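Between the sequences and the hints, there should be enough to build the whole structure, so can you do that?
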Amino acid sequence: MNNSIDYLKNLDLSGYGNDFLLTWEKSKDQLEATLILAEILRERHKQGKPNLVFDSGLAVSIFRDNSTRTRFSFASAANALGLAVSDMDEEKSQVSHGETVRETANMISFMTRVIGIRDDMYLGEGHSYMKEVSEAVQTGYEEGVLHNRPGLINLQCDIDHPTQSMSDLAMLTNYFGSLDALKGKKIAMSWAYSPSYGKPLSVPQGIIGLLTRYGMDVTLAHPEGYALIPEVLAQSHKQVQDSGGSFNIVNSMDDAFKDADIVYPKSWAPFHVMEERTTLLKQADKPGLAKLEQECLANNARFTDWECTEDKMKLTRNGEALYMHCLPADITGVSCEQGEVSATVFEKYRRETYLEASYKPFIIAAMMFLTVVNDPISALNKLDN
Amino acid sequence: MNNSIDYLKNLDLSGYGNDFLLTWEKSKDQLEATLILAEILRERHKQGKPNLVFDSGLAVSIFRDNSTRTRFSFASAANALGLAVSDMDEEKSQVSHGETVRETANMISFMTRVIGIRDDMYLGEGHSYMKEVSEAVQTGYEEGVLHNRPGLINLQCDIDHPTQSMSDLAMLTNYFGSLDALKGKKIAMSWAYSPSYGKPLSVPQGIIGLLTRYGMDVTLAHPEGYALIPEVLAQSHKQVQDSGGSFNIVNSMDDAFKDADIVYPKSWAPFHVMEERTTLLKQADKPGLAKLEQECLANNARFTDWECTEDKMKLTRNGEALYMHCLPADITGVSCEQGEVSATVFEKYRRETYLEASYKPFIIAAMMFLTVVNDPISALNKLDN
Amino acid sequence: MNNSIDYLKNLDLSGYGNDFLLTWEKSKDQLEATLILAEILRERHKQGKPNLVFDSGLAVSIFRDNSTRTRFSFASAANALGLAVSDMDEEKSQVSHGETVRETANMISFMTRVIGIRDDMYLGEGHSYMKEVSEAVQTGYEEGVLHNRPGLINLQCDIDHPTQSMSDLAMLTNYFGSLDALKGKKIAMSWAYSPSYGKPLSVPQGIIGLLTRYGMDVTLAHPEGYALIPEVLAQSHKQVQDSGGSFNIVNSMDDAFKDADIVYPKSWAPFHVMEERTTLLKQADKPGLAKLEQECLANNARFTDWECTEDKMKLTRNGEALYMHCLPADITGVSCEQGEVSATVFEKYRRETYLEASYKPFIIAAMMFLTVVNDPISALNKLDN
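Chains as they are written, first to last, in this note's numbering: chain A, 731 to 1115; chain B, 731 to 1115; chain C, 731 to 1115.
Derived by calculation from the structure, the hints in this document are not laboratory data.
Model, not experiment: these values are computed from the prediction.
Each hint can be trusted.
Since the list gives no way to pick out one identical chain from another, each pair is judged satisfied if it fits inside one copy or across any two copies.
The calculated lysine-lysine pairs, modelled on DSS-like cross-linking and capped at a C-alpha distance of 30 Å, are: (1) 1078 / 861; (2) 861 / 776; (3) 739 / 776; (4) 776 / 1112.
Set out below in structure tokens:
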């Protein structure tokens, strides 16, 4: 991958904006700039060179769902750029909106340069909460209440998971050599069986919403009833028309894996279940939630053969597709009795899944950099002196 | 406001001391220096200039009550000066004293430059706990156990809330142009109805204990039975004799608002209720506490007309008094059914309340600076080079 | 103590390694280098000189048991060297092993320079967990997943508590003048009565496992049935043969205190009880655990005369032995009705116990420095310029 500052200069960074909420709100130049900057920061880190563009300032994280790896990626990125992390952990069940959001967003931002938010529990909530925070700090900045407009990074919402999908894209460009090399490659974004329930839809949505822009053959596979949200499907269909790739939905893991260059087998909850769950959660209907969970697990159990095994891998191109996962995976016989992937397949690609994850702190750092720093090229040149 | 280093030089900073616990323990020069330094740091921050006076060191926060905005203000101030925050969250119910306090205070201070404490739950406890911590680190420093004497900042106790009242004073000097311009201005520090119970007394006490020193006409208003603690009332009466202002207590919101230049309508629990509550909390008397809460809420409910409405605002000077609040306010029809302030009044002054809050991180930074840095003028000059 | 860089140069630092898990895995040169470097960092801190060897990077702490003083010591050390702390608090009851440990260790380490772990609850678990983390990050580094190999510091395990024992050794060398001066000195590492149960064995084990290497007369005293784990006893017996000291186990506090230069009276749970407890904890056998606790407290109660009183102190050399404790101590009439030490003895040595604790942040900083920095002498020289 071409990771020079000179190449970065040729990309149109205007209008990058102060938020990184959904990848499809960014131009291809803006996405490529994010990838290249992440590579530059990664290479500098490898060489022991500092990436300190800020002398001080806070990076506030708001986690409305548990997280270990994203929390540490966010902390790493903030620290690398010179910011100190302040966590604001809200009660998971609390869905604040309106005046409270506007006020709190300003109160935590007087010396804050970046806000990262994870809010993926409630369908229809996460993204709209982030928009509220964005508007609040924008107004605060315009009203002179805030000296700086904090950059806002989506650390996973109900619609997209851009820090994950962009890390995955960084992995793919490094694995295959360039963004251009992805053209024509087939990726199977497939549902897989898991003994758990209620996993968010944002990873598969993020993958199809991003990779359909790069001329890839994107195949989404899931059992009937496990559809993703309609907006992202529509967006993906639209994007392949520009990119020259294809986007297909199938109900068979085997069909998806057939001749695939990349497979991404991962469990998620059906769209309509997440909607029902959101309603029940808002009503605090515990018996309803328990009943829904039972039904879902029973339904999941009909699809235990949706497992990424060695046999399934043989269907892929030369039997050697790249296996991807956002981690942690449900590994059969290791982390659960029966899960998304067999132990031998996972072990074969273990190092690759770790590498895939290793891009995330640098992707987040690049997003912070580009949403907040006025003149990124100058700032990069200054780092060298 | 005159925020130049030259003006700061003329103020007598000797004896500022290592603690900032109660505003009335500080001379007027020391208070003014705090305001001016806060302005200098704020102006530098606005211009993107660093305020790093420390190269390393911890800022320890001890929160014995929940907090979002003070927590972030403390974190922002510490970070701006170059310190890293370490939180020591104690169980809310634990009221440690004696040997444990002395030992813990030293154990957390080996590389600590600042300690910030919020302890406002128990009447008669918070301030005395801070005094114990202060003595402990002072002895530790004198005995050679600690290389530095950490500065101690009161982030709200049972008696005073100096980071709030000083931020309010910063707001007022900026709003009216100078400290001198406050002379003769009337402020109505008024109780207001809230559907909650047990709110601390430290905000109104902090306001009357500070503003009676600046020649203002300070009017404290509350229903009968909602008195503040006697020491602060006595202190306020004493101070107006020096300052040339006045201090009156009335039992009518209307009387207080009449011709007021500033109104500060805010709920608090009656002094004697807080005393009773402290006793019950110490005895862990849950039925007693529940009964007390019921009685209080019932009593509060007799005063729902103590609400800052548009009609009440018309009583103020030209109907245009500045509305102040430490936030979050109980806004009628927004955050509760009926509360301290009507939605239209709050919305009219929303930006001003945010600005009021925006001074706090800089006020805290100035307090840290002046309690810890030996020669603040030199340190400021060094920042410029 | 000779704390010059020149003296440090003469010590053999090769093979110090990336982990500090057990003191007896380190050569005497490596231990002495740790002490000397700690002194250099302490002296620099006292003089207000920065010890920033890193420009950025995380120091991750994993606490599987509560901690206040070690947590703050770790945070202080990390901050002093230029690292930002990220806590990863696991559920206390959760004993993860295998794949999960390997994965998590890598996921938190992409920009991490140091990992500190406290895991002292389960006999047979803590040290083996640390070995797993060590192997995981070593492999991650060799596989190119991690740019740096994080240093691993044992903040207390089931076997050793090296940051405590090395701080104690720093205290002793400063108190008696040098490491050499410890030769022939008698230390009584004695069990003492406490009204609590289940205290870890790692402090006494750390003390005998370290001090038997310095030609001291190490006497371990405890009631019958309160033995330490066999490996550390064997290690201690072996070490006195090289060091020229002695190692004796007695069943009388009086015998141990007789002519002692140093006494270290501290409670711990019997080895076999900790084993039984570990089994019951793994089985989540609550009634079994309650029964065990009852038995233990009843057994402890037979030995309330194992208290460090003024009378007992009279038995020591000239009645003036140094009293040591890792804190917090169970002080009779202060923190409990009857405990490990009388109030008068503790008060006489209070300052010394605080000083003893004050070495810990610097010892931890020295361990971080030596496990992570490639050429410590150059790095130290660079700090001076």
